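We have chain V already, so just place chain C on it with the hints.
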Amino acid sequence: MQGPLLLTVITFLPLAGALALLILRREDRLWIRRLALTTALAELGLSLLLLRGFLPGVAAYQFEEYRSWIATPPIHYHLGVDGISLFLVLLTTFLTPLAVLASWRSITSRVREFFLMLLVLETGMIGVFLALDLFLFFVFWEVMLVPMYFLIGIWGHERRIYAALKFVLYTMAGSVLMLVGILWLYNLTGTFDLPVMQALLQTGQVLLNTRTEMLLFGAFFLAFAIKVPLFPLHTWLPDAHVEAPTAGSVVLAGVLLKMGAYGMLRFCLPLFPEASHRLAPYIAVLAIIGIIYGALVAMVQPDLKKLVAYSSVSHLGFVVLGIFAFNATSIQGALYQMLSHGVSTGALFLAVGMLYDRRHTHLIREFGGLATPMPVFSALFLFVCLSSLGLPMLNGFVGEFLILLGTFQQHARWAVWAATGVILSAVYLLWAYQRVIYGDVTSENNRALPDATRRERIILFTAAAVILWMGIASPMFTRRMEASTQNVLKQMQRSTAYEARDSRGAAPRAIQPAIPSAGER
Amino acid sequence: MVPPIDDLYRLAPELVFCGFGMLVMLLEPFVSAARKKWLSVPALAGAVLGLAATALPAAHPGAAYYGLLRIDTFSIFLHLIVGAVAVLVVLSSADYLEREKLPPGEFYALVLFATAGMGIMASAQELMTGFIGLEISSIASYVLAGYRRDSPRSNESAMKYFLLGSFATAFFLYGIAMAYGATGTTNLESLRNAVAQGHAGGLLTLGLGLMLVGLAFKVATAPFQVWTPDVYEGAPAPVTALLASGPKAAAFALLMRILFVGFTASSGAWFWVVWISAALTMFAGNLAALVQTNVKRMLAYSSIAHAGYILVAIAAVGTMPDDAQSVAGIAAVLFYLATYVLMKFGAFTMVSQLGGPGERRLDINGYAGLSQEQPWAAACLSLYLLSLLGLPVTAGFLGKFYVFKAAVNSNLLWLVILMAVNSVVAAYYYLRVIVVMYMREPQQEWTPQPVPRGVALVLLLTAAGTLYLGLFPGKVMQLAIQSALSLR
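Protein sequences appear in the order of chains V and C.
Under the working numbering, the first residue of the first sequence carries the number 32, and numbering increases by one thereafter.
Under the working numbering, the first residue of the second sequence carries the number 12, and numbering increases by one thereafter.
The shape of chain C in the complex, shown without the other chains:
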C-alpha cells in the first residue's frame, strides 16, 4: 500500500538522508581507494539536500502516517538543526578521515542514517515511532563512536556508549510498554486525553519515570551522565562534535514532546524530577569540568552542564504547562539548542583541528602560546568558549538570557540562583583555556596543521552563526516561538 503523497512530503528529509546514505554505500565498492575521498561529494549533497528538503514538510504541515508523525513548526525547527549538523559533520570530517586513514564510505552513510533517525525523533507524535527514531540514530552513533578501530580509546568509547545506550533504550521501551498498559495507547495526544481524564495511575507514572530515565541517558543529565566524558573523549573528533550536538537536540525534542504534549496534565509528577535533575546536572558538569586537563573531556563535562541549563527551562515550563506563558519556556529551550549546537560544534571542530594527527594535542597545557602560533585559531576558539561561558554579543549569552527569563517568569528563584552560581563556576574553566592560549609561553613545539577548506568553512559558519545569534536573535527566536506555539 502506497502512503498518500502528502505523507511522503512530510517525510521528505528523512527519505533524502536515507536515500543518499544508501547511495554512498552503493558507490563505495565501485570507487577506487585513491578516490574514496570523493565520496564526500554525494554525502555532502545528501546532507545539503536533506536540509533543503525541510521546505517540503514545512509546506505540508499536519499529521502523517495515521498520526505517527506530526509535522509542525517545532519539528521543522529541529529538522533545521539536525540537518545543519549533518552538513557540518560531512564538511568537517572529509579531511579528518583522510588524515586518520579511515574508510569514508560507511562513515558518511552512518552519519546520514543517524540524521534520519534524529529527524524522526523530532516529528514523532507516537512513542514507538520516537523509539524507532532513537534507535536508528543511536545504532549509527555506536558504530561511529568506535570508528577508529585501532585506537583502544575509540573502542572503549563505542563499548561504553553501546552498553549504556542499550540499557537506556531498554528503559525507554519498558516505559512505553507501561504507558500502553495503563492507557491502551502510545499516541501522545490520546495519552494526553487519558491523563486529563484521570487515568494517570501508578503504572503510568512508572512508565513516565522509565521513559525519563531512558531519555536522561541520551541527553546526558544527572544522574545518568557518567558515560559522557569517556565516550566523547574516545570517539573521533567529528563524531564527538556530532554526538554533542545533533542527537542531544533530537533527544531533547522527543523529551519535550512527551512531557509537553503527552504529560502536560500531570506536570506535578515530573516537575520536581526535572528540577532536581537540572540542579544536579549543572553541578555535576561544572564541578567536574573544573579539574579536567584534557580539552575534549572538559568540553564533554561542559556539555553536561549545558544540558542542565536546558532542563532549567523545561522545569520552568513545568510550573505552568497549560499557561500561554509556557511558550516562552519552550522557545527558550529551542533557541538554546540552536545556540548550543553552533558553539559546541565549533569548539569540537577547532579542538579536532588543533589535535593534529592521531589527536595528540589535547592537553590544555598543550595550547600554551597558541595565540602567537595560530592567532586566528586561538581567536576562534576563544569566541566559542566565551559563548559557552555566556558573555554578551555571543549566542550563548542570549541562550542563557532566555532560559533565565523563562525561569524568573516561573518564579523558580532557587533554580535561577543555582544557575547563576554555576555560570560563574563555569567561567573559571573556560577562561583557563583562554589563559593558556594567550598568557602562557609555548612549552613544546607544535607544527601548525594546515586548515583544510572544509574545516575552515565549518569554523567560519559556526563562528558567524555564534555572533549572528548573539547580535540579532530576532528571527530565530520568532521561529522558536512559533514552534513552541505549534506544539500545543
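Pulled out of the complex, with its shape left as it was, chain V reads as follows:
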C-alpha cells in the first residue's frame, strides 16, 4: 500500500515545472507553452498511475505518507488519498492541461508568469485534496490564493482588479476563522492529524460540548461555504468568474469551488456530526435557495460567462444539499456532481472562452446564428450544454439523480424543491444556446467567424469524451467512491450519546446505492 512517494511527486511536480519555466527566457514563448503542457500532461499520467494502484472498496486512506515536519506543535507532513479525494485529484490533473491548451493563443502578455502561476496553483489544489494534517491542509488552502489572485488580477478582463481583491478578501475572511477553529481543535485534541483527531472524537476520548461543537462547525463551515459558494455568500463568484481569463475560470469553477464541498465532506461532517445534524435543515434551505436563485439569475443574464457563473451557484447548491441529506446515495451523488460539474462547467467556460477569443465579448446579443459559420463548435457546445443541464446518458444526470434520490429518501420536500432546479437549468441553458447558435446570423461580424481550430477541437472533444464516459460508465467511478462515502456516514456515528439520531442515521446505510457497483463487472 505504501506508494513510494507517489503522492509527494504528484503534489510537487507542477511546482517543479513552474520553477523550470524560470530557466527559459521569457521570449521563448513556444517552449514555455510546451514545457507547461508537458508538465501538466506528465501530471495527468502520474495521477492515472494513482487510479490504477487505488484499491476500490477500501475506506481507509491509501498511498499514505507520514513524516515529521515541525516539532512544536507536532505537525506532520501527512498525505493520503481515499475515494473522495482520488477523483478530485484526477479532475484537477485533467482540467489543467485543458486550461493550458485554452491559454495557448489567448494569453499573449507575460506568458511565462502565466503558466508559472497556473502550475503553482495546481500544486496548491492537489495539496488541498491530499493533505491529512489540518495545518498542512490550511497551508495549501491559503497558498492557492496567491496564484489565483494573480491569474485574475493580471490576465483578467476590465474589472479584474476589483474581482481579484474581492475573491481574496472573501476567502481570507473565511479561512482566518478556520485557522482559529483548527487551533481550537488542536487545543482540545492535542493533534493536527486528521485521522487521529477523528478517532479521538469518534471514540469519545475527547468530548465536545454542544456549544463548542457548534462554534467549531461554524468556523470551518463558513470558510467552506464561502468557497462553494453557498447562498448568500456567493457574491464574489460572478465577479471572479467573469473577470478571470478562461483558464482561470475553468480552474476556479472546475476545482476551487469543489474545495468547499470537499472540506464539508472531509471535516465538517466527520468531525462535528451533532452540529451538522442540527444545522442541516438551515443549510439545506440555503442550498435550495441557491439552486433556484442561481438558476433564475442565470436565466436573465445578458452575459454568457455570467450565465455560466450563476449556473455554478445553482449546481453547487445540489452538492451541498446532497452532502447535508446524510444519505449514502446523496453523498455519493454530491461527489459525482462535483466531478461532472467540474468537467461540464469547465467545458462551458472553455467554449465561452473560444467565442471570446473571436469576438472579445461575452454578450449573448452580440451572437446569433453561429451554427452557420461554426458548425463543429456548435455541435460540441450543444453537447456540453446538454451535459450541464443533466441529460440522461451524460455525466450531469448521474450526480443530480443520485442527489435527488438520496435526498428524497430522507426529506422528500427538499428534493421536490431542488428538482425545480433541474428544470430551470434546462431553461436557461437551452434558451441561451438557442439565442447564440440558432437562427439567422444577426451580426455581420459573426458571418465569417472561423470554426473551431484543431487545438480547440482537441479540447472540446476530450471534454466531450469524458462527459460521455462519465455518463455511461458511472459505476467505474462510484465503485471507487462507495467505501469512502459510506465511511463518512460511519464516522458520523459517535460511540456514546446521539442514540436518538442513530436510528435515522443508520437507516440509509442499509439502502443499496442507486447504481449497484456490480454493474461494471
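Keep in mind that the hints were calculated from the coordinates and are not lab data.
Any given hint might turn out to be false.
[Stated by the list, open to error] Cβ-to-Cβ under 7 Å is the rule here; a few derived chain V residues that face chain C:
| id | residue |
| --- | --- |
| 1 | ALA102 |
| 2 | THR103 |
| 3 | VAL170 |
| 4 | ILE185 |
| 5 | ALA204 |
| 6 | VAL207 |
| 7 | LEU214 |
| 8 | TRP215 |
Bear in mind the structure is a predicted one, so any value in this text is a computation, not a measurement.
C-beta atoms are modelled at their ideal positions from N, C-alpha and C, and glycine is treated no differently.
Just chain C, lined up with the frame of chain V:
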C-alpha cells in the same frame, strides 16, 4: 576595580559593538573624503564580530555585575536578533550614504552604539540597567533619524522622535522611582518576591503603569503610537528599517522581562491594560494603513499593527503567567519578533532601494508596472508583503500562527476574533501594493536604480530567511521555547 572575567564574557557583544563604534569614530578624521566609504569595513566587522561574540555569553550564562544583567537563552535570542539587525543595517546603508552624500563615520558609530544599548536592554535584570540600555539606544536613534540634515522631513522626524521619546523615557524613569519607593528595590527578582509577598500597593501599580507608558511609546502601541508614521517617513530609509526592527525587539524584550519576571504575580493589574492596548493597536495600525498613499507610511502603520499582534501573545501569557503553558506564549512573542524583523527589514530596504536618489519614488502609485520594469524587485517586495500579510510558506504566517495558538490556548476568544478581523483588513492594503506593481501599467518613466551589492545581499538574506522560517520554523522555535523557559 576590575570585574570578574566571566562578567566581561557576559558583556562581550556590547563591548565589541562599543569598541568598534569608537574605532570607526577614531578612524574617521584620518580617512580622506574619497575613501570614507571604506569605513563600512570596520563597521561591518564590528557588527559581524558583535553578532559572533554572542557565543561568549551563550557559553557563560548567569547573572553578571551583581545581578544587574542576566545572561540566559532569552537574552541570547534577542542578541542574535539585534546583532543581525546591525549587520543588515551596515550592509544596506553603505551605498545609501554614498548616494545621499551623508558622512558615513558617525552613522556607523551610532548604529553600533544603538545596538549595544539594545543588547543591554535584552539582558537587563534590573530596572535602572534597562533604563540605561534604553537611553543608549534611543539617543543614538534620535540622531540617526535626523541624519539627512538638509531634509526638513528628516529634521521633523528627529525632533518628534526626540521630544516624544524623552517624554517616554521620563515616564519610564518615574515608574522606576515609584517602584523603588514602594518596594525598596529595582532588581526584578527582588521585585517579584516583594510583589508575591503582597507589597503590591497603589504606588507600585502606579509605577508599573508609568513604566508601561514609557515602553508603549518605544514599541509604538496604542494609544502611544502616533509618532511612528512621521518618524518612519522622515528618517533615512536604512534608519527606518533599523527603528522598525531592532529597538522594537529590544523594547519588547525589556517589557517582557518586567512583566513576566518582575510582575508575574500581579498579572491581574496589567492583563486588561495589555488586552485593550492590543485591540486598539491592531485597529489603529490597520485602519490608518488602509488610507495611506506613501509606502513608507503604510509600512509604518503596518508595524504598529504588528506590535498589536505581539501584544495579543503577551496578553495570552498574562492569563496564566505562572503556568507552564505560558512558555508557548513567550516563545510565540520571540518567534514573532524574529519573523517580524526579517520581513520588515526586507520591506524597508526594498522601499529604500526603489525610492532612488532623494527617496522620491515613495508613492504607492509610483510602483505601477514595477513587475515589468524590475521583476525581481517586485517579486521580492511581494514576498515581504505576503509575509506581513501572513500567508503560508512565509515566516509571517507561522509567526501569526503561534500567536493565534497561544491566544486560543488562553481562551482569549474575543481577542483572537479581533486579530482575525484585522488580518483580513490588513490583507487589503498589502494586496493593494501588489495590485499596483503587477496589474497596473506604468504611468511615469523611472530609471531603475542599479542594486548595490550590499543591498542585494540584505534582500537575499531577508527573503531567504522569510522563506526558511516559513517552511522550517523548528530550530528557531526550539530556541524560542528554551528562551521562554530560561526566563523563569
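Structure-based check of each hint:
1. Annotation: interface hint on ALA102(V) holds; nearest CB of chain C at approximately 5 Å, less than 7 Å.
2. Interface hint at THR103(V): satisfied, since its Cβ lies 6 Å from the closest Cβ of chain C, which is below the 7 Å cut-off.
3. The interface hint given for VAL170(V) holds, since its Cβ lies 4 Å from the closest Cβ of chain C, which is under the 7 Å cut-off.
4. Annotation: interface hint on ILE185(V) holds; nearest CB of chain C at approximately 6 Å, less than 7 Å.
5. Taken as an interface hint, ALA204(V) checks out: its beta carbon lies about 5 Å from the nearest beta carbon of chain C, inside 7 Å.
6. This hint holds: VAL207(V) has a C-beta 4 Å from the nearest C-beta of chain C, less than the 7 Å allowed.
7. This hint holds: LEU214(V) has a C-beta 4 Å from the nearest C-beta of chain C, less than the 7 Å allowed.
8. Given hint, TRP215(V) at the interface with chain C, holds; its Cβ is 5 Å from that chain's nearest Cβ, closer than 7 Å.
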